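Undergrad: Residue strings, one per chain:
Protein chains: 2
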Amino acid sequence: MSSQARNLEALRLLPFFAALAPATFEKLTAAARIERMRKGETLYRQGEKAASLFVIVEGFVKLARLSSHGEETVIHIFGRGETIAESVAVLGDNHTTTAEATGAVTVVRLPAALVAQVAREAPELSLTILQESSAKIWALMDEIETLKAQTADQRVLRFILSLCPPNAKSCSVRLPYTKGDIAASLGLKQETLSRSFSRLKAAGVEIDGRDAHISDTAALAAEIERLNKLV
Amino acid sequence: MSSQARNLEALRLLPFFAALAPATFEKLTAAARIERMRKGETLYRQGEKAASLFVIVEGFVKLARLSSHGEETVIHIFGRGETIAESVAVLGDNHTTTAEATGAVTVVRLPAALVAQVAREAPELSLTILQESSAKIWALMDEIETLKAQTADQRVLRFILSLCPPNAKSCSVRLPYTKGDIAASLGLKQETLSRSFSRLKAAGVEIDGRDAHISDTAALAAEIERLNKLV
Numbered sequence: 001m002s003s004q005a006r007n008l009e010a011l012r013l014l015p016f017f018a019a020l021a022p023a024t025f026e027k028l029t030a031a032a033r034i035e036r037m038r039k040g041e042t043l044y045r046q047g048e049k050a051a052s053l054f055v056i057v058e059g060f061v062k063l064a065r066l067s068s069h070g071e072e073t074v075i076h077i078f079g080r081g082e083t084i085a086e087s088v089a090v091l092g093d094n095h096t097t098t099a100e101a102t103g104a105v106t107v108v109r110l111p112a113a114l115v116a117q118v119a120r121e122a123p124e125l126s127l128t129i130l131q132e133s134s135a136k137i138w139a140l141m142d143e144i145e146t147l148k149a150q151t152a153d154q155r156v157l158r159f160i161l162s163l164c165p166p167n168a169k170s171c172s173v174r175l176p177y178t179k180g181d182i183a184a185s186l187g188l189k190q191e192t193l194s195r196s197f198s199r200l201k202a203a204g205v206e207i208d209g210r211d212a213h214i215s216d217t218a219a220l221a222a223e224i225e226r227l228n229k230l231v
Numbered sequence: 001m002s003s004q005a006r007n008l009e010a011l012r013l014l015p016f017f018a019a020l021a022p023a024t025f026e027k028l029t030a031a032a033r034i035e036r037m038r039k040g041e042t043l044y045r046q047g048e049k050a051a052s053l054f055v056i057v058e059g060f061v062k063l064a065r066l067s068s069h070g071e072e073t074v075i076h077i078f079g080r081g082e083t084i085a086e087s088v089a090v091l092g093d094n095h096t097t098t099a100e101a102t103g104a105v106t107v108v109r110l111p112a113a114l115v116a117q118v119a120r121e122a123p124e125l126s127l128t129i130l131q132e133s134s135a136k137i138w139a140l141m142d143e144i145e146t147l148k149a150q151t152a153d154q155r156v157l158r159f160i161l162s163l164c165p166p167n168a169k170s171c172s173v174r175l176p177y178t179k180g181d182i183a184a185s186l187g188l189k190q191e192t193l194s195r196s197f198s199r200l201k202a203a204g205v206e207i208d209g210r211d212a213h214i215s216d217t218a219a220l221a222a223e224i225e226r227l228n229k230l231v
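Keeping their order, the protein sequence lines are chains U and E.
So that you can map any letter, position 229 of the first sequence is 229 in our numbering, and since no number is skipped, the others follow by simple counting.
So that you can map any letter, position 143 of the second sequence is 143 in our numbering, and since no number is skipped, the others follow by simple counting.
Rather than coming from a laboratory, the hints here were simulated on the basis of the structure.
Be a bit skeptical, because a hint or two may be false.
What the hints assert, rightly or not - Okay, the calculated bits of chain E under chain U, using three or more residues with CB under 8 Å as the criterion:
id : region
1  : 80-90
2  : 137-150
Said to hold, decoys possible - Computed list of lysine-lysine pairs in BS3-like fashion (alpha-carbon distance at most 25 Å, straight line):
id : chain 1 : residue 1 : chain 2 : residue 2
3  : E       : LYS179    : U       : LYS148
4  : U       : LYS148    : E       : LYS39
5  : E       : LYS49     : E       : LYS62
6  : E       : LYS148    : E       : LYS189
7  : U       : LYS39     : E       : LYS148
8  : E       : LYS62     : U       : LYS148
9  : E       : LYS62     : E       : LYS229
10 : U       : LYS49     : U       : LYS27
11 : U       : LYS189    : U       : LYS169
12 : U       : LYS189    : E       : LYS49
13 : E       : LYS179    : E       : LYS62
14 : U       : LYS229    : E       : LYS189
15 : E       : LYS62     : E       : LYS201
16 : E       : LYS229    : U       : LYS189
17 : U       : LYS49     : U       : LYS39
18 : E       : LYS27     : E       : LYS39
19 : E       : LYS229    : E       : LYS169
20 : U       : LYS201    : U       : LYS169
21 : U       : LYS62     : U       : LYS148
22 : U       : LYS148    : U       : LYS189
23 : E       : LYS179    : E       : LYS201
24 : E       : LYS189    : E       : LYS201
25 : U       : LYS148    : E       : LYS189
26 : U       : LYS148    : E       : LYS148
27 : U       : LYS179    : U       : LYS39
28 : E       : LYS49     : E       : LYS27
29 : E       : LYS49     : E       : LYS39
30 : U       : LYS39     : U       : LYS27
31 : U       : LYS62     : U       : LYS189
32 : U       : LYS179    : E       : LYS148
33 : E       : LYS62     : E       : LYS39
34 : E       : LYS201    : E       : LYS229
35 : E       : LYS229    : E       : LYS148
36 : U       : LYS189    : E       : LYS148
37 : E       : LYS148    : U       : LYS62
38 : U       : LYS179    : U       : LYS189
The structure displayed is predicted, hence computed values, not measured ones.
Idealized CB from N, CA, C, for every residue including glycine.
Assemble the whole structure, with the sequences as input and the hints as a guide.
TA: See the structure below:
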């Protein structure tokens, strides 16, 4: 199997491409470009007209807003399999965020005009775009719930637990992005995150640089439950 | 002109209906129901399968999440002209929030199955649904930016200023919903909102029950700018 064919097989596994009819998949992938980015490189900038939509193949992309007085706020960090800018690209609107690689990132770039044109003839692509927008609405609502209802420690514990594979009793993982990006995505100051990391030792979590070791995931889940009841 | 015809004319002014071809508009409005609700009545509950989508004609609807341990968090409050549950209804998914009238509310209820069916034949309706989803993504991102980047006073000042008509020098308005709902939508405790309301007097804002008087909108905007620079 050629390298190109292997790449196409891999795209089929991503939610954005999974439900497309073979002809629709071919039209899209014929114009798709696989791009690799390094930490700090931008996919697009706030204010630009949306010309492409992106599917994340590997790594994490942060969406941030720059306020009129120059302050940057991280809105959300998206990872593997998630689609970025799908609605704004199809509608031909301007980007309201800047998208930046938080580390090594691989994305599929699809030309917005082609996606909009193919979607007109292929209802399953329209539905996929709506599904991706709907998933985004859920993710942003989850984040608002977290920001409004959870303390710093609760946010950090849930984030750490989310790094462990389901049903793992213990796990050692690498933090997916820098502590600065973790703090910003959780809506915390970096000092607050550091203090929370120190307190986590009591719950069996050791953070050493970018490495995290969780000795007992059940104890971590129990601690989250205990903090929930204190609210 | 009959009352029914006048109602239909009014619907045409709402963004959801504005761009529809006459035949599409007729198909939708033939099955539409105008519903009036009182404070506390629900449009749908979290966990139910989405059977309708709603367009707000008058009033404000709050979307809230109930956590597994019974805590309610207001995610966002939507107002006149905004559409609710459009993507989840067309996709046939379950509601992830409960929608509740914050006061007297008038909505148009459209059956989800009909909207999904008409959208398959009317590309302008598909586009409208995507536009409404995109508008929701923007609104939720705005809210995340506010929650992460702004102090209680900044959130309250911006909320109060948003109640004034553009270009008004001064204005007297009624608060759109209860102080409890205002606090919850801004991610503040009610005591924090009350303290912020007292401090607003210095910026020329008087709150008396549900009435607000802003004596100088330019001074209010200048105070927001000053607080921004302090961050």
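Undergrad: Decide, hint by hint, whether the structure agrees.
TA: Here's how the hints hold up against the structure:
A count of 3 residues in the region 80-90 of chain E with a Cβ less than 8 Å from any Cβ of chain U is obtained; the coverage claim is therefore met, three being the minimum. Beta-carbon proximity to chain U at under 8 Å applies to 10 residues in the region 137-150 of chain E; the threshold of 3 is reached and the given coverage holds. Taken as a hint, the LYS179 of chain E and LYS148 of chain U pair is honoured in the structure, with Cα atoms around 16 Å apart against an allowance of 25 Å. At most 25 Å may separate the alpha-carbon atoms for a hinted pair to count; LYS148 of chain U and LYS39 of chain E meet this at roughly 23 Å.
Note on LYS49 of chain E and LYS62 of chain E: the hinted pairing holds, with a Cα-Cα distance of about 18 Å set against a maximum of 25 Å. Only pairs whose Cα atoms come within 25 Å are accepted, and LYS148 of chain E paired with LYS189 of chain E is accepted, the gap being roughly 16 Å. Distance restraint check for LYS39 of chain U and LYS148 of chain E: the Cα-Cα separation of roughly 23 Å lies within the 25 Å cut-off, and the hinted pair is therefore satisfied. Between LYS62 of chain E and LYS148 of chain U the CA atoms are separated by roughly 15 Å; this keeps the pair inside 25 Å, and the hint holds.
Among the hinted pairs, LYS62 of chain E with LYS229 of chain E is inconsistent with the structure: their alpha-carbon atoms are about 32 Å apart, more than 25 Å. Using a Cα cut-off of 25 Å, the hinted pair LYS49 of chain U and LYS27 of chain U holds, with the two alpha carbons roughly 23 Å apart. Taken as a hint, the LYS189 of chain U and LYS169 of chain U pair is broken in the structure, with Cα atoms around 30 Å apart against an allowance of 25 Å. A hinted pair counts as satisfied when its Cα atoms are at most 25 Å apart, and LYS189 of chain U with LYS49 of chain E does not qualify at roughly 39 Å.
As the CA atoms of LYS179 of chain E and LYS62 of chain E are separated by approximately 13 Å, the hinted pair is consistent with the 25 Å bound. Annotation: proposed proximity of LYS229 of chain U to LYS189 of chain E holds, straight-line Cα distance about 18 Å (limit 25 Å). Between LYS62 of chain E and LYS201 of chain E the alpha-carbon distance is near 28 Å, which puts this suggested pair outside the 25 Å criterion. Among the hinted pairs, LYS229 of chain E with LYS189 of chain U is consistent with the structure: their alpha-carbon atoms are about 18 Å apart, no more than 25 Å.
Proposed proximity of LYS49 of chain U and LYS39 of chain U is supported: the alpha carbons are some 23 Å apart, at most 25 Å. This hinted pair does not check out: LYS27 of chain E and LYS39 of chain E have alpha carbons roughly 31 Å apart, beyond 25 Å. Among the hinted pairs, LYS229 of chain E with LYS169 of chain E is consistent with the structure: their alpha-carbon atoms are about 23 Å apart, no more than 25 Å. Proposed proximity of LYS201 of chain U and LYS169 of chain U is supported: the alpha carbons are some 17 Å apart, at most 25 Å.
Of the supplied pair hints, the one linking LYS62 of chain U and LYS148 of chain U holds, its CA atoms being roughly 21 Å apart against a limit of 25 Å. The straight-line distance between the Cα atoms of LYS148 of chain U and LYS189 of chain U is roughly 16 Å, inside the 25 Å bound, and the hint therefore holds. For a cut-off of 25 Å, the pair hint linking LYS179 of chain E to LYS201 of chain E stands: about 17 Å separates their Cα positions. Of the supplied pair hints, the one linking LYS189 of chain E and LYS201 of chain E holds, its CA atoms being roughly 20 Å apart against a limit of 25 Å.
For the hint linking LYS148 of chain U to LYS189 of chain E, the alpha-carbon distance of about 10 Å falls within 25 Å, and the restraint holds. A threshold of 25 Å between alpha carbons decides the hint, and for LYS148 of chain U with LYS148 of chain E the separation of about 10 Å falls inside it, so the pair holds. Taken as a hint, the LYS179 of chain U and LYS39 of chain U pair is honoured in the structure, with Cα atoms around 14 Å apart against an allowance of 25 Å. Restraint check for LYS49 of chain E and LYS27 of chain E: the C-alpha separation of about 23 Å stays at or below 25 Å, so the hint holds.
At roughly 23 Å between alpha-carbon atoms, LYS49 of chain E and LYS39 of chain E fall within 25 Å of each other, so this suggested pair holds. Of the supplied pair hints, the one linking LYS39 of chain U and LYS27 of chain U is violated, its CA atoms being roughly 31 Å apart against a limit of 25 Å. Proposed proximity of LYS62 of chain U and LYS189 of chain U is supported: the alpha carbons are some 17 Å apart, at most 25 Å. Proximity of LYS179 of chain U to LYS148 of chain E is assessed by CA-CA distance (about 17 Å); at most 25 Å being required, the pair is judged to hold.
Distance check on the hinted pair: LYS62 of chain E and LYS39 of chain E sit about 11 Å apart at the alpha-carbon level, within 25 Å; holds. A hinted pair counts as satisfied when its Cα atoms are at most 25 Å apart, and LYS201 of chain E with LYS229 of chain E qualifies at roughly 21 Å. Among the hinted pairs, LYS229 of chain E with LYS148 of chain E is consistent with the structure: their alpha-carbon atoms are about 16 Å apart, no more than 25 Å. For the given pair, LYS189 of chain U sits about 10 Å from LYS148 of chain E by alpha-carbon distance, which is consistent with the 25 Å threshold.
Among the hinted pairs, LYS148 of chain E with LYS62 of chain U is consistent with the structure: their alpha-carbon atoms are about 15 Å apart, no more than 25 Å. About 10 Å separates the Cα atoms of LYS179 of chain U and LYS189 of chain U, which keeps this hinted pair within 25 Å; it holds.
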